[in-house]
Amino acid sequence: MVEYLQSLTPDLNTWLMFTSALFALGIYGMLSRRNAVGVLLSLELCLNAGAVNFALFNRFWSPVQVDGAVMSLFVIAIAAAEVVVAMAIFVALFGYRRTVDVTQLNLVRE
Amino acid sequence: MVGQAVANVLFYLIVAVSLWLAWSVVSSRRILRAAVALMGVLGASAGLYLLLGFPFLAGVQVLVYVGGIVVLLVFAVMLTRSQELLEDHPSDLRHKVAVLAGGAFFGVHLWALRGMPSARAPRVSLPASDTEMLGRALLSTGADGYALPFEVVSLILLAAMIGGIVIARKTQPGQAATTEPVHPLAADAALTAAGSAEQLAESAPAPVSPPVREAAHG
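Residue numbers (our numbering), protein chains in the order written: chain L, 1 to 110; chain A, 1 to 218.
To be clear, the hints were calculated from the coordinates, so they are not data collected in a lab.
Ideal Cβ positions, reconstructed from N, Cα and C, are used throughout, including at glycine.
Among the clues, some could well be false.
Restraint ranges, calculated between C-beta atoms of paired labels, are given here [what the hints assert, rightly or not]: (1) L:L105 to A:V2: 54 to 60 Å; (2) A:Q4 to L:T103: 18 to 24 Å; (3) A:G3 to L:L105: 50 to 56 Å.
Please build the complete structure, drawing on both the sequences and the hints.
Take a look at the structure:
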């Protein structure tokens, strides 16, 4: 069923328009959010759009190989590592400054 | 003909839900609501992976992204709750700059796509499961194998886990521990998420991988 459906999905440009819209929303969120965790959430949107694009080009350009899907796996793994470090930084920062507002965090040293 | 319609309806349904949820990720006032919306976006992307013919990738997306990363983000939201940030209004200038940047990216991308020849997914007989092919690709040491990047990713995850614990701990390694650990959950959560992602990466090559299910919860 799925194998049957996947050759009938819309063309490549429609998919790419969707992923770029997702990425553009992520850019908007990264620049407009004040909460640092919100910036990280928007960043995850961008990473996810990139991972979908890897699988997309894999499917449309070299469907008998899985190189793009492997790259999607790596993107997901790197996103996990990045979120772990970012969360540790936010928690430590909250311990020192009692805020994670990125507009207030403009001191390089105390 | 019917298959075409079904595929189109599925695709546009997932796209509409994704974009709506993504908009609430970037615009919701409450950050916890945004995190839940992100969970929905990532789940919808798992549906897109299925539609593209990568069921294993869809499973990894749900287990690692929805089950691990978003839960960790919710931990981050709860551990850094400050009252004045409940209403997350961007200032006028920041709002304008963000709209300009996002809109410019989207516009340039559309302009570039307009001149590009589009393509439909080629009709080829796909392998029955992508799991076996992914496993072979990840562990093969030949010219088209990814054994070295795979091991490097394992190292990165280990380094991120240790780094997360070191950064989030209250006392410096040389000092004596104080009696009040401020965020005991932080180090635990960092350990759990990094560990689950790493276990998943390790167990990816196996065609049947029972530890994956436990890793998502563990």
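Structure versus earlier hints, numbers of those that do not hold, lowest first: 2
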